[in-house]
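Asks: Going down the list, the sequences are from chains A and B.
If you read the first sequence in this note's numbering, its first letter stands for residue 300, the second for the next number, and so on.
If you read the second sequence in this note's numbering, its first letter stands for residue 63, the second for the next number, and so on.
Errors might be hidden in some of the hints.
Covered by chain B, according to a simulated footprint, are these stretches of chain A (three or more residues, beta-carbon under 8 Å) [what the hints assert, rightly or not]:
no., segment
1, 336 to 346
2, 349 to 360
Simulated restraints on C-beta separations [stated by the list, open to error]:
no., chain 1, residue 1, chain 2, residue 2, range
3, A, Phe-720, B, Lys-344, 51 to 59 Å
4, B, Ser-261, A, Gly-723, 41 to 49 Å
5, B, Arg-363, A, Leu-577, 18 to 26 Å
6, B, Lys-344, A, Gly-723, 55 to 63 Å
7, B, Val-385, A, Gly-723, 41 to 49 Å
From chain B, some residues computed to sit far from chain A (all C-beta separations above 12 Å) [claimed, not checked]:
no., residue
8, Ala-96
9, Lys-172
10, Leu-260
11, Asp-288
12, Ser-338
13, Thr-343
14, Gly-358
15, Thr-388
16, Ala-404
17, Asp-425
18, Leu-433
Calculated from the structure, these hints are not laboratory results.
Please read all numbers here as calculations on a predicted model, not as lab measurements.
Here a beta-carbon is modelled for each residue, glycine too, at the ideal position from N, C-alpha and C.
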Amino acid sequence: MQKILPITLFLLLIGMACSDLQELSDFENLENSPQLAFPLINSTFTLQDALENIDENADILVDSDGLLRFYYQSDTTIRTSQEVFDVLNRTLPPLVPVIDTLIGFPVINDEGIGVSSVIFKEGRLEYSFFNSNSSDIEVTVTVLQMFRDGQPLQQTHEVFSFQDLPVATFDLTDVELRPQNDSLFFKYEAYNRSNERVTVDNFLMLQKDVDYSYAAGVFTRSLLENLPDTLEFDFTEQIDGDLYFEEPKVTVTVDNSFGFPAELSFGRFDIITKDGSLLPLESDLIDNGISFNFPSFEEIGEVKETQFVFDHTNSNLPKVIEASPIGLIYELDATTNPNEDTPGFLTDESIFAYSVEAEFPLLGTITDLKVRDTLDIDINFESLESLEEMEIKMVTDNGLPLSASVQAYFMSGTQILDSLFIDGARDIIQAASIDSDGNVTKMNSQTTFIPIDNPRLENIKSANKLLLEATFNTSQDQEVSVRIENQQTLGIRMGVKANL
Amino acid sequence: MTTSKYIVLTLLLPFFGLAQQELSLHSLSNVWQANRLNPAVMPDNGFTIGLPSVYNRLAIENVTLNDLLLENVGGQTVIYLEQALTKLEGDNALQNNFSLETLSFDFRLKENLHLSLHHATRFNIGANYPKSLAELIWLGNGAFVGETIEFAPEFDILAYHEFGLGIATKIGKNISLGAKIKLLNGIGHAGTSDRNQLSLFTDEDIYQLTLDADYQLNSSAILTYDGFGELDFGLPSGGLNFLDLVSKNVGIALDFGGIIEFEKISFGISVLDIGSLHWRTKVNNYTLDGTFEYDGIDAVRDYLDGNTTFENVTDTLRMIFDVQETQEAYSTSIPTRLYANATYQILESTKASAIFYGGWQRDNFQTAVGLNLQQDFTSWLSAGAAYMIFEGANSSLGLNANAQFGPVQIYAITQNIGSVFNPRNNQNADFRVGLNLLFRRD
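One chain only, chain A, in its complex shape:
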């Protein structure tokens, strides 16, 4: 017995030690359900940030007092002086038969342009004649109303008897034409060796490659017609609801360097609405036409700008803008020298240009403005396999005078799997407080808890799209126009407590 006991004990020790090891290696996975808390989203932004890409046609400008505004600008329509100079070409005779030693031609045309001065940019007068005399002659040719450096154009030639004068040229570059009594006179004086006055035959003069750098005179009334164009407002396409701008503005800007009076008339000036209706913009300015500025003879080369502003004081603009406009159709024509009695000028660089701008300052009200957007969700749910349930905590700090009610739908393709809020859209953003002038006086914060249990999580895991719907309203039940300014921010913070 004395020996058996220690032996038994000995064997037992070895056996139990081995089983001890075996037991310790047999345990299975960790069974726990920790709760992880972590932040998800932390964003602060201004409405300017949000609106930057809402409309590719618009710029978001900030006034000196911080007020935001939508700003649209059309392309600039330009008419140049080339059209008028083309007419001038028809004023001067292309071919002049000089049948006498002094001959004159009218410098006016059927279109009524009577020039008092023309400066040639380039061109030439070519002429030739035949000496039918039996002796050699000396001929001086003068264009009496064309001047270079104050002197009439003049050239002298010697021609042998019974010979043609090889084609001679007057270079017209920088030459000024000053008609006399609307006429241009050509003169030649031919003398033989005996100093006797003679004549020549077949004297022809013609203009070639003539272009002008300046023209002055009395120009007849003419109409510069332009095609209709459209200034598009895309932001309204993406929204539904009532948007009221208290002080919208449309500005027509005319730049003019033609030196004679002109008037702008409105062939069309209509707002197109979302439902396709055309609402005419009404104003006395539209009814009566508008005269715009022009440079004087002392201001040759300068461009004069004229602006015509249509706003809530002189038009029905606020009313037509209320109807969800998607664009402004305009057709503007110019009538030059409407009274046909004012001398003027133009240069080869003269232009008549106009553009249209529309501005929508964010001063007004928003009522039930609905915005929808669909996002692609690309969450790797494999890594969230052990997620049992979670609670989202959303905190908003709002300095904008806008409240928002939001709902989100988790979708797979077009099928709705679940929604963020079970009981419908929820007010998650409280509008900032405002005073009677619409200025924000206090930011407001709101905290929302969104529980998502396991069955809902299973639905969400197969979602590949998120449909967001938000409805916005301005503060104080839209009774006061609010000011939306650049320094106003909206902070959205979101954290998650997730049970694994």
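Fit chain B to the supplied structure of chain A, relying on the hints for placement.
Replies: Leaving out everything else, chain B in the frame of chain A:
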């Protein structure tokens, strides 16, 4: 495998160890392995072959295995920390030492002069973890919203081969001296440095996270970190490549011991494992230093710019929690141990001994004391009992036995018999078993 499970398994795995706290082996002076605790111990035999012997000790502070495990409704044993959390204190230690001595030899060169050789593979794990770490893993940071929680664990995982060459001699009639030089070849290491601070604050607002860190890990062949949430933890197999013995991960350790014997009483003292290992292969040093804040992504900005947002969270976390990685060789000390014992021969076949242990675990000095009573029942069978008190753990009752059949000696020791019958309900468990061949006994 999740990171949290890695952490828990590291704390539980029994095949790894720290500084060995053996308080019974000294009493078995006829067992050759007693030489491991005092190199002055010389066997009575002229030639001894130590066959494979295994030692393992697991010590867990404040909790038992039972507190960490649970049988679920499916009958599976699972790790379940809920009950353990109530028992944990601010700081809690865990260690495990495993040693496999493959082969050893002792030769009596001449009277009172012995030469010994041995090889052993050692796996040591030691960890010191705050209660808050276990709470964080088990409950998640969601349970600590609005609080700052310090959770940095300290740990050392050390695995190496040990090749020892020892000499023992007797000086005069009473004094024996011994020394051993050990060539160490590192298998793998992972451990924290003295930069050991991690705290996490979860804000009440939307649970913004702030991590304050001054934390450094060194690893050779065990741990790689490839970014946020991508931690790879692998223990090398421990295979030995003789070509790498002196070229990679090399170290030296020394043992010294002495015994003074009188007629009925003897005293022994030894200092073991004075040395270090230099780690050069597959080295990674990871440092997290600074204050890291994560307060969410600017998803609205991304939405306004037309980007999908949610898949960027992990990338953002990866950028924020920026762990610096280098590959600089480093050294680790081997946990040095000190033993002092006194043995009294009560009767010819009965002796009692008292032993003191002191060992360095990182910056802590741990102690234990034991009382042994050894009885030779026959010339071939001896058994003993011991009572031990380990710092930070309950006291325990140990048993040992060794028997010799011809040249074959077999022995088994446990320092906590309770762990043999009820391992789950004990804070420490250990055993040593082995075989020796004894020849040319005096």
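Asks: Decide, hint by hint, whether the structure agrees.
Replies: Verification of the supplied hints:
1. 336 to 346: holds (count 8)
2. 349 to 360: With 3 residues in contact (Cβ-Cβ under 8 Å with chain B), the coverage given for the segment 349 to 360 of chain A holds.
3. Phe-720/A to Lys-344/B: 51 to 59 Å: At roughly 53 Å between Cβ atoms, Lys-344/B and Phe-720/A fall inside 51 to 59 Å, so the hint holds.
4. Ser-261/B to Gly-723/A: 41 to 49 Å: 43 Å, holds
5. Arg-363/B to Leu-577/A: 18 to 26 Å: 39 Å, violated
6. Lys-344/B to Gly-723/A: 55 to 63 Å: The hinted range 55 to 63 Å holds for Lys-344/B and Gly-723/A, with Cβ atoms some 59 Å apart.
7. Val-385/B to Gly-723/A: 41 to 49 Å: At roughly 46 Å between Cβ atoms, Gly-723/A and Val-385/B fall inside 41 to 49 Å, so the hint holds.
8. Ala-96: 18 Å, holds
9. Lys-172: For Lys-172/B, whose nearest Cβ neighbour in chain A is about 35 Å away, the distance exceeds 12 Å, so it holds.
10. Leu-260: 17 Å, holds
11. Asp-288: 15 Å, holds
12. Ser-338: The claim stands: Ser-338/B keeps its Cβ more than 12 Å from every Cβ of chain A (closest is about 30 Å).
13. Thr-343: 29 Å, holds
14. Gly-358: 3 Å, violated
15. Thr-388: Nearest chain A Cβ is 29 Å from Thr-388/B, so the label holds.
16. Ala-404: At roughly 25 Å from the nearest Cβ of chain A, Ala-404/B sits farther out than 12 Å, so the non-interface label holds.
17. Asp-425: 29 Å, holds
18. Leu-433: 19 Å, holds
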